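Two independent chains are provided; combine them into the complex using the hints.
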Amino acid sequence: MLTARWLRDERVIAALVQLVVAVVVIGLGAWLAMGVVSDMRARGLAPGLGFLGQTAGFGIGEGPAFRSTDSYGRALVVGLANTLRVAIAGIVLATGLGFVVSLARLSRNPLLVGLSRAYVDALRNTPVSIQLLLWIGLLRTLPPIGRAVTLGAAPTAEASSRAWVLVSLKGAAIAWPARLPGTSGWVAVLAGLIGAGYVLRRWRSAVRERTGASTRHLRWQAGLATIGVVIAWAAFGSPFAWDLPRVDGPFRYAGGYVATPEFAALLFGLVVYTGAFIAEVVRSGIQSVGAGQREAARALGLHDGDVLRLVVLPQALRVMIPPLTNQYLNLAKNSSLAIVIGYPDLFSIGQTVGNQTGQFVAVVGIVMLIYLSISVVTSIVLNAYGRHVRLVER
Amino acid sequence: MSAQSLRLDFGRVERAIRARSARWWAGQAVVTAATAWLLWQIVPSAAAWLWSGADWRVVAANLRNFAFFRYPVAEAWRIGASVTVVATVVGLAAGRGTPLARSLHAMLAAALAVLVTVPVLAEPLSAGGSTLGALAAAFAPAQAWLAAALAAGLVAERASATALARASARARRLVGAAWIVALPLAAMLLLGAPGGVGRWGGLLLTITLATTAIGLSFPVGVLLALGRRSPLPLVRVTCIGFIELMRGMPLITVLFMASIVVPLLLPDAWRPEAMFRAIVGLTLFSAAYVAEDVRGGLNAIGAGQYEAARALGLGAASSYRLVILPQALRIVVPAIVGQLIALLKDTSLVFIIGLLDVFEIARSIVSQPAYLGRFRESLAFAALVYFVLCSGLARASRTLESPEGDRA
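Chains P and A supply the protein sequences, listed in that same order.
FYI, the numbering for the first sequence is 206 to 599, going by the numbering used here.
FYI, the numbering for the second sequence is 14 to 421, going by the numbering used here.
Treat the hints as calculated values from the structure; they're not laboratory data.
Quick caveat: nothing in here was measured; it's all calculated off a predicted structure.
Careful: at least some of the hints might be erroneous.
No farther apart than 25 Å at their CA atoms in a straight line, the calculated lysine to any residue pairs in the SDA-like style are these [unchecked claim]:
1) 375/P / 294/P
2) 375/P / 346/P
3) 375/P / 502/P
4) 375/P / 389/A
5) 375/P / 379/A
6) 375/P / 147/A
7) 375/P / 347/P
8) 375/P / 386/A
9) 375/P / 348/P
10) 375/P / 387/A
11) 375/P / 448/P
12) 375/P / 358/P
13) 375/P / 324/P
14) 375/P / 272/P
15) 375/P / 273/P
Only chain A is shown next, with the shape it has when bound in the complex (with noise of 0.2 Å):
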């Protein structure tokens, strides 16, 4: 630039906002109006498909196969049973003020409240001669233990909150107990009932498959993002090499593998079912991916903090259990929640060894006769299913990572 060109010409300055405003002004209102007619395009036809295009009796007469598949429907009441003891233990822990207990809790009583009313919804949307009153309606049968669960999780809420004191080490050994006792309670219902896991299906199987596995994975990928930095040669490329084994294939081929490979490695007599199976290859997978969360976690860990364990005398042991994983494991609890939506969606490969979940479930129905072709609303509704779940679980990490999340 020349050195008279360093003036400043107001009147030149003065044009080229107001221009550059205006085109800018311009460019606002073509965009706008280009993405109104996309939605006017959707938005529409998307709901009046909704409201009467779509038939819904597909999902409507298949509400059960989608909740639990053939799991015995006398027995039906030990899933409302766990949901509620669930519920409770929830409330519990979300009354101590635990950030991401509260917003589970927060969001297990809303989708409670949602399904309680929803048979009620029934006549109202049947009205217009939508369907969406049969699917509505398709829910009353379990309207009893969905209004207990909810009703057990907003008391043990409140009692939690006004009897317990909420820093104390009383409280955090409470509702530890609290959970101790009711996860085996709640497996040990649903396992009562007869027919073995050969009969689940549907969201039980899915929330099963999802749960325990990533239960189980934690555990596991703890030690091996531990092993990763072991300075022992041996533990160390042992553990390398699983995690990014696990971490260069689909689950497909893993799941497939584990169905294969799992029976192969236990005598005939004891042959385990698919969902073990499952089980299995799923955690395998879990782990590599929550191994990988862990070391993210412990580099986060200053060098100071190990050095100073060293010096208080801790062995190498020690330092880790008391101090290092105390703090590496807070930071990781959103990769975990993050890893257990991932795991929610994948476990719809489970299809590959035979299991009825959610999608494959969704995918078999249309096969009905009554319902041939009608896959828009079964595919619909199964995503609706995940969508609430895995929205819900990224909505529950999202408070972990605001400032408020960071107090407890």
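Next comes chain P alone, as it looks inside the complex (with noise of 0.2 Å):
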């Protein structure tokens, strides 16, 4: 049996695998590009991306500057921002959304126990998509502009209706700081501060070194910016000006910063829905820590602060990383969901290109990219601190 015997050997066993995979890949991939092809010339449509360059014809509501004569192309891009504007502020609130009601689920006040179990299990078994739309709908059920809810209505002479927070139909103003003359020295000065207290708490703590002096941390950096607030204020004035919104005719607010209701529904929807979630892998994260260093640390006289801020979370930090990643992941992923709500997201702007031109293909395929090169830097950046702060082993 000559054949049978060449048929065993493994390296002959390896080759022929991997051409049936290369042919099979192939052949999918030429299937593919012929039905959309044919398809394509069947619909009288151009393949390439020229079709970027024309005009969309649509109008944003949202984000960057869009008028209805800008480009296909333009559009995808103020999608993208709209995309990244709510994902990276939704990373960050919801990280420190967990983190806090991770800390209430390991309290030991059963009260709070319960809240933040029962908040964390509801947010956690229905789909976010379904809190997304009671969110928007809560929101539609605002009063109207004209009678705008007003927090702290400011006692300026020049517009009664000003105020630190107007909220309605129209979404929510929020006071803001604007530039002064003097902000940008304000700034110099803060940053020449931070670059002090560096080389004084390495002072420091090199004193302490040496001598086991108390280092005093707390006293000194106190000490420093004060005199530099003092030097500030003197040479700059005010470091800026809040700019509080007002309402400006029937339609729009005027002044501060204005968050449509579907940005802020689709922010909050995926801030309490992640934020669940994150409290869950903080959770773990700091329960990995054995109890033993928590004790040896209260039995230094480290108070619980300390022991959480000191020891227990550097720990807790290297085992919730590669979690954490998965979960910023969604959420960025998640920001697609925005269609429920009507948010102009990378998706939703893409699925309308889509529609006008008829290029679903191309239009999917670049949203698809973009996304994955999304997921891709993010890992990259998370996967970079995991190193930093990874226990070296001996």
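This is how it looks when you write it as structure tokens:
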């Protein structure tokens, strides 16, 4: 049986298997390409990405300025900006919320534990799409802009309707810091203070290593900060002014930072959903640190806050980074659910462009590639950070 | 610290401990008060809304849409029969003592028992003027089938617990055969209705999509995980590429792409129904995540197991099939259940290709003229459906991770 013998050679089998995989992959790709091209020909569409330069003809009510005379390509860029805006803000806020909730779950107060547990269970076990619909639905029951809910009406003379926070059907307008002539001077002073604080800390730590004297970080830094602030105030005056929003006519706000209801609902929905998952990640991270570490730290005289900050969290962080990365990626990907509530993100604008040009495969392909790049970049950054905090084994 | 401060001053220590303890109690009091205040803000108004503020007739009138949408009413017995078949086989498996089947059986029986008794509550619930009674009454048509499924499950569990020796190979084969008969039987029952799967919707569609996709993505995921650690570079690169591609993209784009591309790959004559396109998208997406779970399981198996299998003279394929995979897959079961939970929630995205699952039903019924603006009731009900399914499965998989679960 000559054939049988060479067929049993592992190298031959390996080569054959690889050949089959290559043929299947290339064949599928070619089949798909042919299908796409013949479909486009049947619908009279030109292949290629030329359509991205054509005039879009629709408006986008959110994010960087966009006129209906701008191109499809620019529409996708605006969508990407909107996606990044909600994803980055969402990641920061969800991390904060997750940490707070996980500490609440680990507290020894039964009422607080019960409440945070109910929050985590309810949010984790229902689809985020339903949650988003609920939030936007609730925001749409707010009063119209003429009867905006006002928080902290400002006692300024010029316009009676200015306030710190205005909330209505048109979204929320929040007081926002505005630049003054002295702002850049303040920024420079603050940067200098941070640098000086770092040097001071190094110096005090060196002193402690040498003499054993207490570092008194707080006292030194408070002194430094006071001096810096006094000097800056004398030189540049107030660092910034509050730009208070007001209702401007029947349709819009003027001044302040304005969040549309769609942006607010999407951001809030993603934050409370992902926050529940992050709370579980942080909790299991903290619980992975042995009780002996906590007891040892307490025996050294550290109080609860320092035990957590100096001993538990640095060790928990190593365990938490990979699942935390996954949650950040999930948040970024879930931001594509913006389409449920009408926030113009990358996917939703991609779908509009696809509908108008008929170039679904090309547009969705581009959108997929962009999401893929966002995921890859996020993973690279967080993996680098993970290596940075990893325990250095002896 | 200087030397003299090391002498213990017990009075100082005691004062410090007392002060710290007083601070602790003060902190607890503040936290408790704040939490209680928060609960007081939420709970009474939520309860009042549930009881009297909400108009549940929007859900009561659409309960059939929530359950199976336009599946022919005359054929609804098929759904009842397949639930009964599944409850029976889960009961059989539970009786043999498989931990996952036991907790699934308990959850299923509890859920069926609650649903059977719901219509009985209609009178008392509507007594106080609450529309919850209307909602309870809407469950009545399904009552007989739910009771049948409950009874079948309980009887099957008792029968298999008494008749089958737990650990015997015969019992395992019997239960395995029961699964192999039951699942296609349930599928055939459901597919037998006229009108095709285009009429499926609601919970029927949600559960069909999630279970089919997880069932199909399991073998694909195992193959991908094995391919990812293959010594052949081309196989490895293809598998890694596929896995990372899928994991890097939102499901909604994958579903959208699948719904465009799948018809292009097939001749016009068998243009697949939207449900099958959704299953393709969900399966490909989920397989990448399953592959990573399986990879974790494979990594947990010590190198000694491979070497021992090879030393016994087993080839690569047989050592995986007989030695490695049986151990690795057992470790992976909780992660796969987690994947099923994620998939159940993710199926709500099939609205993008025009399917009406629980989510999309909840979203569209509030545009019925009679129920405009009743989105709270509709969404709350849909959320409850997902919550019961997902937290039930989560609870079932938690029993697997507990020490008692490790025995079987």
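Evaluation of the provided hints:
1. With a C-alpha separation of about 21 Å, the suggested pairing of residue 375/P with residue 294/P holds against the 25 Å cut-off.
2. Between the alpha carbons of residue 375/P and residue 346/P the distance comes to roughly 11 Å, so the proposed pair stays at or under 25 Å and holds.
3. Restraint check for residue 375/P and residue 502/P: not satisfied, since their Cα atoms lie roughly 51 Å apart, outside the 25 Å limit.
4. A threshold of 25 Å between alpha carbons decides the hint, and for residue 375/P with residue 389/A the separation of about 21 Å falls inside it, so the pair holds.
5. Restraint check: the Cα-Cα separation between residue 375/P and residue 379/A comes to about 22 Å, which is no more than 25 Å; the hinted pair holds.
6. Taking the CA atoms of residue 375/P and residue 147/A, the gap is about 36 Å. The hint is violated against a cut of 25 Å.
7. Proposed proximity of residue 375/P and residue 347/P is supported: the alpha carbons are some 9 Å apart, at most 25 Å.
8. Taking the CA atoms of residue 375/P and residue 386/A, the gap is about 18 Å. The hint holds against a cut of 25 Å.
9. Distance hint between residue 375/P and residue 348/P is fulfilled; the C-alpha atoms sit about 9 Å from each other, no more than 25 Å.
10. A hinted pair counts as satisfied when its Cα atoms are at most 25 Å apart, and residue 375/P with residue 387/A qualifies at roughly 21 Å.
11. This hinted pair checks out: residue 375/P and residue 448/P have alpha carbons roughly 19 Å apart, not beyond 25 Å.
12. A hinted pair counts as satisfied when its Cα atoms are at most 25 Å apart, and residue 375/P with residue 358/P qualifies at roughly 18 Å.
13. As the CA atoms of residue 375/P and residue 324/P are separated by approximately 28 Å, the hinted pair breaks the 25 Å bound.
14. The straight-line distance between the Cα atoms of residue 375/P and residue 272/P is roughly 21 Å, inside the 25 Å bound, and the hint therefore holds.
15. Proximity of residue 375/P to residue 273/P is assessed by CA-CA distance (about 22 Å); at most 25 Å being required, the pair is judged to hold.
The structure shown violates the earlier hints numbered 3, 6, 13.
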